[in-house]
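A.B. asks: Both chains are sitting in their own frames, so use the hints and assemble them into the complex.
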Amino acid sequence: MIERLMENAVQLFLLLALSPLVTGVIRTLKARLQTRRGPGIFQPYRDLLKLFRKGMVIPETSSWIFAATPWVVFFSTILAGLMIPMVAAVAPFGLLGGALAVIYLLGLGRFFLALSGLDTGSSFGGLGSSREMTISALAEPAMMMAIFTVAIGAGSTGLTEISGAAIGQTWRFLAPAQMFAFAALAVVLIAETGRIPVDNPATHLELTMIHEAMILEYSGPYLALVEWAASIKQLVLMTLLINCFWPFGLQASWFGFGALIGIGWLFAKLLLLCCAIVLLETVNAKMRLFRVPELLAVAFILGSLALVSTFLF
Amino acid sequence: MLMRPFLDIQLGERIVTLMAALVLVLQIAVVAQRWIVTHIRIFAIQSFLLAMIAATIAWFNHAPHIYVAAGLTLVVKVILVPILFERLVVRMEIHEEIEPIINVPLSVVISGGLTLVGYVVAESFYKPDEPGLGHNALAVAISLFLIGFFTMINRRKALTQVLALLSLENGLFLAAISLTYGMPLIVELGVLFDVLVAAMVLGILIYRIRETFESMDVSRLRRLRG
Numbered sequence: 001m002i003e004r005l006m007e008n009a010v011q012l013f014l015l016l017a018l019s020p021l022v023t024g025v026i027r028t029l030k031a032r033l034q035t036r037r038g039p040g041i042f043q044p045y046r047d048l049l050k051l052f053r054k055g056m057v058i059p060e061t062s063s064w065i066f067a068a069t070p071w072v073v074f075f076s077t078i079l080a081g082l083m084i085p086m087v088a089a090v091a092p093f094g095l096l097g098g099a100l101a102v103i104y105l106l107g108l109g110r111f112f113l114a115l116s117g118l119d120t121g122s123s124f125g126g127l128g129s130s131r132e133m134t135i136s137a138l139a140e141p142a143m144m145m146a147i148f149t150v151a152i153g154a155g156s157t158g159l160t161e162i163s164g165a166a167i168g169q170t171w172r173f174l175a176p177a178q179m180f181a182f183a184a185l186a187v188v189l190i191a192e193t194g195r196i197p198v199d200n201p202a203t204h205l206e207l208t209m210i211h212e213a214m215i216l217e218y219s220g221p222y223l224a225l226v227e228w229a230a231s232i233k234q235l236v237l238m239t240l241l242i243n244c245f246w247p248f249g250l251q252a253s254w255f256g257f258g259a260l261i262g263i264g265w266l267f268a269k270l271l272l273l274c275c276a277i278v279l280l281e282t283v284n285a286k287m288r289l290f291r292v293p294e295l296l297a298v299a300f301i302l303g304s305l306a307l308v309s310t311f312l313f
Numbered sequence: 001m002l003m004r005p006f007l008d009i010q011l012g013e014r015i016v017t018l019m020a021a022l023v024l025v026l027q028i029a030v031v032a033q034r035w036i037v038t039h040i041r042i043f044a045i046q047s048f049l050l051a052m053i054a055a056t057i058a059w060f061n062h063a064p065h066i067y068v069a070a071g072l073t074l075v076v077k078v079i080l081v082p083i084l085f086e087r088l089v090v091r092m093e094i095h096e097e098i099e100p101i102i103n104v105p106l107s108v109v110i111s112g113g114l115t116l117v118g119y120v121v122a123e124s125f126y127k128p129d130e131p132g133l134g135h136n137a138l139a140v141a142i143s144l145f146l147i148g149f150f151t152m153i154n155r156r157k158a159l160t161q162v163l164a165l166l167s168l169e170n171g172l173f174l175a176a177i178s179l180t181y182g183m184p185l186i187v188e189l190g191v192l193f194d195v196l197v198a199a200m201v202l203g204i205l206i207y208r209i210r211e212t213f214e215s216m217d218v219s220r221l222r223r224l225r226g
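Taken in sequence, the protein lines are chains A and B. Counting from 1, position 244 in the first sequence corresponds to residue 244 in the working numbering; the numbering is continuous, with no gaps. Counting from 1, position 117 in the second sequence corresponds to residue 117 in the working numbering; the numbering is continuous, with no gaps.
Bear in mind the hints are in silico, worked out from the structure with no lab data behind them. All values reported here derive from a predicted model rather than from experimental measurement. A virtual CB, placed ideally from N, CA and C, is assigned to each residue, including glycine. Some hints here could point you the wrong way.
[Said to hold, decoys possible] Here are a few chain B residues that sit away from chain A, every Cβ distance over 10 Å (derived from the structure):
1. LEU18
2. MET52
3. HIS62
4. VAL104
5. VAL108
6. THR115
7. MET200
8. SER215
9. VAL218
[What the hints assert, rightly or not] Between beta-carbon pairs, the in silico distance windows are:
10. A:THR208 with B:GLY71: 46 to 54 Å
11. B:LEU84 with A:SER219: 37 to 45 Å
12. B:LEU84 with A:GLN34: 29 to 37 Å
13. B:VAL187 with A:ILE152: 56 to 64 Å
14. B:LEU189 with A:LEU33: 43 to 51 Å
15. B:HIS95 with A:LEU279: 21 to 29 Å
[Claimed, not checked] Sample of chain B residues with no beta-carbon within 12 Å of chain A, all distances over it, derived:
16. LEU72
17. GLU93
18. PHE213
Extracted from the complex, chain B is given alone in its bound form (with noise of 0.2 Å):
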């Protein structure tokens, strides 16, 4: 891929690695929180930083066509699938609070941890004669990525377990843009059409989980019932 030095990529990426800690911090925000709600406007948040690290990354790197995945990250991940899960909640008359398995303080210290994995590994993709923005993003990315994972096996209901899902694709744009500045527009394109239609099938597979076994909780699917 063509790359032109830009004057002030030492600009750029100080920009990026502050946005990226601050999807961190927002990340191990989400573990500590009991409230689906706000848990569901921590995701728009982190999304909007994440569109916003893409577009800072285009500019510096003039590459356009990331603007487009910035754009519509902002659109799918900021307005729509928030919305939607936001309706989801209120059709569903959650009112009740996250309960994890593992206890909130563990929990995040177990995702101090997974952070720490996360810088451990992207240490081995660094290569400091090669200029470019991101190489702190990629640390974070992993680190989402492992945070995801674990919120996903710690949670018990399922719209949670979904939002979990989607931080951890987070996680999986933050290392795709950080390290190939942006995947050919179609496969993100893809990505993201995948992503609306997921949270939208989720949505609509929960609400029949609830309707069916009068729970979110996944533990009692193992009762089959028609």
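Same shape as in the complex, but just chain A (with noise of 0.2 Å):
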């Protein structure tokens, strides 16, 4: 009992600690890449800490809708994240649900981050809302498609297993179905966590910005928590693709050194991921809002591809 408690308060603790992080790094590294300076490693949390200090500025046209968002943003990312394996194959929510839950629960967010931006009636909520809309619906079968793949080859939708059944075959990665997940997800990824090709996460002042546009009303504590619950969703989808695709160091239990370990390869292997999607952002431009349609086809053709390849090969 003491043990799953510890496990929990470790998740825990390394998703409200490492996501900001995460987002830091990829922002620095880009910074480096573009032959700038950058804001360095740790402005995330300074700029958290300065947003959790300030006023707060509530629209008068907004409802309750508005200052529910934040929250349920915030703790559906955060139990998601619970329900996903980070350090060992077992994730400490493992029994409440598996892949299709941690969908849903995402799923849930952004929905609400859909409604406030509505809420609030001003017509660049409501552009976000639309845009943000159209995309998920196009990128949640694809996901759906690449994590049907990994279950099957698990035999089960839930994560622990799937990230059990990983665990050993290394090169596993290199088989075309899980190549072809692999490549699906990693698409989504992009969408989802609302990077360049898809959409540009350094402005606010842009007519094609989707995520931004959402939450263009919050200010104060209420921007901090969806800030805070956007990092934390980008670090659970890119650790959901790491342990499903690359389950190099991942340990079976929590137990003792292992659990170091498992963290240095967690660790190591972000910050992989990490260098790959600043080498994506800077190399493509943004595309066409009308565009993103196609490369989300790609994306679930590839799922369907993958799906279907299990049964074949």
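C.D. replies: Listed below in structure tokens is the structure:
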């Protein structure tokens, strides 16, 4: 019992503490790649701290949804984060739900964000909401297909079982089905975290922004919660991708020294994935909004091919 | 043909399957691609992977004559043809995007469907008792062939149609090496020489079409003009 609690505490701490760092590392690496100095990897922490200290402006026209959304988004993302395996193959809340629960908890957060974008009645918020829903409606099937592919390999949609099956099969990711699924999930990761070919995370002043348009009316602690939740969501999706497809160094259980090795490997793999994302963001330009469905269609087809080829190969 | 069993034939099969899957991914990327220069480069990478597949099959089956085919593929399809086409693109000053007849998401979905057809067809060639490389490669080869056909139908501009024809030919090459472990060398030579000549002739033809009609859109060719 105590051990379960410890697992929860460690994973919760990792989720809360590590997620701004991931955002910071991506920003700094990107700045360095573009020969800028960049704000340093700890800047997101300072931003959050500053926002939590500030006052709030709440639009007069908004309803309770506006006030509830940051909490719903934050806690649904945390809950989803506790359901995925991070350090060891055993997810702390694995018994509560598997991959589908994670996808729909993230979906719940997104739904409330879209509602709050509409709630304030500003035209930007509505634009952001409609774009976000369009993109997520297309990204979700691709994600499902990719997750189902790994789920069939493990015989269960439980993420504990999926990661457990991956342990020891280090070179499994070279199988075609795994590779298709990985590519599909990577595109979904880009779309869901609002990275460059789909959305530009670095701007608040662009007509084409998606995520930032929805949260334009938020300020102070609420904005901090939403931003933090966005970082955590990014970390959750990255960890999901890493632990389903690159099972190197993933530990079977949480005990003793193994957990430290697990954390070390997690950091190394996250850094690798961050580098890949940075490279992708730097060499690509943002797509026109009407081109995004094409990208997601490719992801969906790759996911479908992955699913089908698990039966054929 | 004499085939000696090799210890690590499973490793070979995995490598071939992996690279064949990459070739398929690239082919789907071609369908979704809008820039012709990227299209040419993807074709070059695809051909490079094909040469690697051929080399792998040659290594694991001890069939040295496939090395020659791999080397020729490398020279002709990875280096000569892409350079030829890129020079053509520069000379004709093509800047506009590719406009497919069917929109891109639907094209991609259709390509996915064609891949399934490829797998179903390849299934009937599969003999579990016969050890060998490249059973999956055959499925990919048929898919490449079908998607290549579809891309040819789906494009308006002559240059992109020629590129689609070449990727179709890549599918044929893959089918040949995965089914027969290499056709006789003289056939390979003939095919590759054919490809080179076809690419050159078609390149000149495209240039002439462009000069005469001021467009590469083949749907304008129905207007006869001297």
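A.B. asks: Hint by hint, work out which the structure violates, then give me just those numbers in ascending order.
C.D. replies: Of the numbered hints, 1, 4, 5, 6, 11 and 13 do not hold.
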